[in-house]
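Spelled out, the chains give:
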Amino acid sequence: MKTTLTRRALFTALGGAALLLATSACQSAVDAQTSTGATSAAPKAGGVAEVGVNIDLVPANVFTNSNASITTLVGLVYDTLVRYDLSGVEPKPRLATEWKAADDGRTVTLKLRSGVKFHSGRAFSSADVKFSLQSYADPKWNGQLLSTAKTITGIDTPAADQVVLHLEHPVANLYDLLETVPIIDSDTAADIGTGKKFVGTGAFRFEEWKPNTELKFTRNDDYWDGKPYLDGVHVRIIPDAQSLLAAVKSGQVQLARGIGYRDAETAGTTPGLHATNLEGAELQAYVGLNVTAPGLEDPKVRQAVAFALDKERIIKEVFRDRGYPTSLPWPKTSPAYDKDLDGRYHHDVAKAKSLLAEYGKEVPEIPLTYVGNDQVFTAIAQIVQNNLAEAGIKVKLDPVDSTQFVKQLIGAQFPGLWTTNHSWAQFTPSTLTVSAYPFNARRNASKFSSQTYTDAAEKAWQLPANGDAKAAYKELSNQLLDGAFLAEIGVVFEQVVTRDQLQGFTWSKRRELDLSKAHLT
Amino acid sequence: MTRYLLRRAPSALIVLWLASVLIFLVIRAIPGDAASVLAGADASPEVVAGIRADLGLDRPVVEQYLHWVGGLLTGDLGRSYLIGGDIASLVADGLGNTVALTLAALVFAVVVALVLGPLWASTRRAWVDRVLTGFHTASVALPTFVTGVLLIIVFGVLLRVLPTGGVPPDGLFARLDFTLQYLALPALCLGLPVAGVLTGFLAETLRSELRQDYVTTVRAAGVRPREVVVRHALRGALPVAVTTLGLQTGALLGGAVLVESIFAWPGLGLLVEQGITRRDYPVVQVLLILSVAVFVLVQLLTDVVHAYLDPRIRLGGTS
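Residue numbers (the working numbering), protein chains in the order written: chain U, 1 to 521; chain X, 1 to 319.
Please keep in mind that the hints were generated in silico from the structure rather than gathered at the bench.
Only a predicted model underlies this, so the values are computations on that prediction, with no experimental measurement involved.
Ideal placement from N, C-alpha and C gives every residue a C-beta, glycine not left out.
Misleading hints may appear alongside valid ones.
Claimed, not checked - Taking beta-carbon pairs under 10 angstroms as the criterion, some of the chain U residues facing chain X (in silico):
| # | residue |
| --- | --- |
| 1 | A247 |
| 2 | L409 |
| 3 | G411 |
| 4 | R443 |
All chains, full assembly: derive it from the sequences and hints.
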């Protein structure tokens, strides 16, 4: 029997062989990404931690703790002079090992750690502290503690390991500044704004930033606090929250920042995944009130708004119980926290109605501005609208995009109410009232102006070391509660979802990622 | 053919100029600007004003437009307000990724259409017709953000056979096998609606061709049914399909914005989406004018191919 090889049979055979060869030579990209690290549960050196964040870097904002990419980069690359424990505001040594304030509170002497090197190999010295503090005080870097940085009128560097700060007046939040300012390398500082170089003394060296793609870091073998276990950190920019969740579920990343509260709750119940509250680095959700808007000019109406808010429901339903309701802006870890005062504005519709009755006029419809593509604040806005309707105040929802929202916040352009987060209450209380724009006594988004509030804020800020802090903070809290230009909803925590493989990660009070002791199992 | 091209060029240039004006004005009509983003939520109005002045946003709009167009004409695309780098290198980085993704989606769509279109046009089996009708409806109707998430859940999370997103760690050209795996889901997601549209058009055009007299003649000559479709009717249907493909390329570029965001694919789509969100005017302006230019060019090429395939068009134009 004659067998003929047809053209079709030949092509089929060749195609099949090629496919077979390709398949056998082909490695799974998923396996390649998920098989890093050792298998032991004990800390072991090696491996690259894969981190996913939902937003890209803005190099010009590196001195602000404004997004997850920035706080990840700063936490890995830079060090600060002191570091607060997550449970309070007691400074602990980092690049500064000792500090002493003069009796008048206007001079502070810092002793610096020796043997510390920048990633460039250059030795760290007092000149770098001077350069970093002066850079932070430059308005072009938008540092949030600018007003505190500007109180430093002179910086002496009598020795390589000694710095003397001269202050215009005593400031209660000086150590907040020293805890916040990253110590940068003067030789490469010009490259920070373009995202080309980030040189610090931290546990990891910055290698590369590809916009909208990734950030790469390698281990700093000369790190003063011991060589990190990890060989490096690879940060992937994954803007879509669902894709970020899928990446951590599939094991492509071992740590994800930017997953919504509901998804984080679900992920936390998935075997192999954990949802961690960044406790000590609290955020506060609030409703802001423009005190010049019709109706809101009367404190009774503003207080009625505060009583009408069902904070428990918002914390439970929107933040999935990852926080707690408050009336004061301070978290429980703050020295200004006062349990009695904090219970002042509980959910009480009858009280809200009674205050509105005392006001005696009908409150016109009030717009409520929020970031429309943010699911959390969209949900909060809807609940607030419902709560205020129960009390008899009509609210019109006004969703805007994030850029417009920030512009309105900075420019005090909200027509009525707004809702968002604020930060800085986890630091020294006076930082909030001199630095966070919604609370700024001199000028704020609510257009609230009161000499007694300004006096209370200044007093708390310029408190001498031996001053009565408790009384000053109580006065500040009372002023905030009476003025009711901001109605607090509650303290909430950022959620970080991790896989079992990554152990030992921690964070700073500014939500900066610390992987210096982290390891892969 | 050259005269045909020269006749089409002025209208292409006018479209580009009008697009540049429109893009420039529309992006500025959105409230908020990059200065607010750069300043952050705790900045003072003075700081914001200082940043606006540094970026040149306080200058008259006409001056800003002329500065931008002047730069474009001299090859200076400008600098990103937020990323900090020059736009030419940002575009160069993103372009390779977007081209790879769009080409992969296009190849997928064309292959699917060339296989399913003739099959749908010539089938006499009811179930095949029903399956292909279902495929056509689903592929056209399902938005990419739904198919994207579904593909990620099925292939990335449940089956774990393909990456959920991103690009190969060592770049697109380091390992072809990795590149294909990373490309698979975004290309499928992006190409699926185009595949559906192309399949539908090709099948419909083929049905029309199959009713032509010359096809009856070919059939009468004893040519096998498959060859009638593939060798004869398909040739007549191709000009219409090519025109549709040209139009769909524009849809692919538009769809890439969403698909790149879903799959963290760092192409021009993701860059433009970030640019719009953060009011990075120079980046958005360059990317949008670039996409208009590409679209105009593709249309021009489509017309040329169409004219080549159908001589009546170019001859009609010269008479």
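**Prompt:** Which numbered hints are broken by the structure, listed smallest first?
**Reply:** Of the numbered hints given earlier, the structure breaks none, since each of them holds.
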